[in-house]
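Q: Residue numbers (numbering that gives the first Met the number 0), protein chains in the order written: chain A, 0 to 423; chain Z, 0 to 225.
Source of the hints: derived by calculation from the structure; they are not laboratory data.
Careful, some of the hints might be misleading.
[What the hints assert, rightly or not] Derived pair list, reagent style DSS-like, types lysine-lysine, alpha-carbon separation capped at 25 Å: (1) A:Lys-128 x Z:Lys-115; (2) A:Lys-329 x A:Lys-343; (3) A:Lys-343 x A:Lys-328; (4) Z:Lys-79 x Z:Lys-115; (5) Z:Lys-79 x A:Lys-397.
In case you want the letters, here they are:
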Amino acid sequence: MSKRTVEYLVTRNPEMGLDGRPVQAPVVPLEHDPELTGEHMLLNIGPQHPATHGVLRLVVELDGETVVRCIPHIGFLHSSFEKLGEYRTWNQIIPLTDRMDYLAPLIYNCAYAMAVEKLMGVEVTERCKVVRVMLMEMDRVFSHLLWIGTTALDIGAMTVFLYTFQERERVYDLHEALTGARITTSATRIGGMMADLPPGFIQGVRTWIESCRRTLDEVETLLSNNNLWIGRNRDVGAISAEDAIDYGLTGPNLRASGVPYDVRRDRPYYDYESYDFDVPVGEHGDCYDRYLCRMEEMRQSMNIIEQAIERLPDGPINVDDPRLILPGKKDVMTDMASMIHHFKLVMEGVNAPAGESWFGVESSKGELGMYVVSDGGSKPVRWRVRGPSFINISALPKMVEGHLLADVITVNASLDIVLGEIDR
Amino acid sequence: MMADKDFEAGLGGLDEGPAASATDPETPFGEAGDAADHPTVAALHERFGAAILHHGVVAGDEHVVHIQPERNAEILRWLKEDPGQRYLYLSDVTAVDFGGGRPLEVVYQLWSMELKRQIRLKAQLPLAALEIDSAVPIWQAANWLEREVFDLFGITFRGHPDLRRIMMPDNYAEGHPLRKDFPLRGRFSRAEQTRRALSMEVEDYYTPEELGIAGDKHRHGQEAGA
């Protein structure tokens, strides 16, 4: 048996003081004691484990309870969406996009449509832009709500999960009213949306924002000063700003380390520069800062939705371009030319000019890049998704090595991964 | 009967892989770019001269620079470290296969957080020599991205610390799925794929490195096989 020595980083022991306030035990680096380091153990976590948030498998080398090395294995959910896309027309790919990140499907629908529209040189209508901004921000909150619920559940707080899922249920209802589906929305089309907002949608969003704000306050009351929550999150999985950029982290995980990079602000699309919102930035890059960043992001997103509702213009939702948009159903049923038009658009698809486009948006997990390459046909030569979770999870070994085994679960949860998009 | 024949032909298409793209392999996409529009491109021309093969603008405002594959690491490192460029953030590494025996393109997407500039680099690799220097010594972010390109396209990255399959299983024998000559439903029949999946040993699920951690008691399977 080979023996290896590890340096124990810290010991943490949060306790409640007599006055009911959290007492943080001082961080004491343990002295290296050869007597206490022994045989290393190989532990396999997952792929079917509730705390891996999907089918992620982690092989962990342990010395006692300290993680010496962590090797993630992915690919259990690999469906080769990018390959499938090469066999589908531009519009047929949209249902594949929401199956990647089923926690924020509308962001993926919109990002893909935006990349293809950029490639085709199509400018969507003003109403469509505002509607898409509204839907993307709604799904950002939708995804963060799941994150806070499941992360708290992983760490042992059941209540938060029940609170946030109540709010998620309201968003599911809004999805359903908009598209007929709760998760697999497929809401966008090249050049517009599958349908305009249904009656009562705006009122539904307003009601949801009102109750969601209250729920967030309640969640903060439960967690922010909670001794156990602080003990499990503070100083856990910290990553410095330089390392975070080097590892390609994006989204709240990067901003928690103090890097104010947000695609909405740095490369604005859909007039994001004209919305009034803050980009929350952390300081320490640990799990607790990631929690704070996401909580603030949800509030900012709801502010953006309110501004979008204010400015929502009337007018058509789809571009006026018969090459892209199907004719009205009434015309198809009564007019021969429209029927032929409908048939050709559905059977042959839309042709995109030869060229390529790489379009990045800020999804709930980080920077989502859609890269589409066309040779002038109705199907892509290459459709590539730069999934933020895929890059974020690759930094997991860096964050957990030297921490305790229980922290692996915390750090993994705090990264907010979704395996459908990692494996694609 | 006619419909059945079409259906058969369609299935054949799935078994042969998609048709090669119709684009002219020699001409890169987009209009020829003006280096004056992008300070980085002008600096690249000045600094690397002949290693910069082509500069184009696609989709309105995206600058694409084709570089010599032999000098990719040198150029990428300069883009990251030169005080006038500072592309500290590597967004994406991927590859494009146009089919028909044409070279594969390795695509690097960079973003400079300080200067708020974006640039895309491309290096073409002939199918006979799918090797390029790794970008992992420059950005850690390239680690999994290059593993993905290796797995799905079969491009070897020289100097990568841990170049093994990432999406497909380690013992996957059918090749590289995102290549155009790879059929959509795989090279083996469904029965053969199932047989292979069921015949995997416990050791197949771990890398040799991991089995090393576990110690001798997990090794007997390997020894018996060797």
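Q: Confirm or reject each hint.
A: Do the hints match the structure? See the list:
Proposed proximity of Lys-128 (chain A) and Lys-115 (chain Z) is supported: the alpha carbons are some 24 Å apart, at most 25 Å. A hinted pair counts as satisfied when its Cα atoms are at most 25 Å apart, and Lys-329 (chain A) with Lys-343 (chain A) qualifies at roughly 17 Å. For a cut-off of 25 Å, the pair hint linking Lys-343 (chain A) to Lys-328 (chain A) stands: about 15 Å separates their Cα positions. The straight-line distance between the Cα atoms of Lys-79 (chain Z) and Lys-115 (chain Z) is roughly 13 Å, inside the 25 Å bound, and the hint therefore holds.
In summary, the hint linking Lys-79 (chain Z) to Lys-397 (chain A) is supported, as the alpha carbons are separated by about 22 Å, within the 25 Å threshold.
Violated hints: none; the structure is consistent with every hint.
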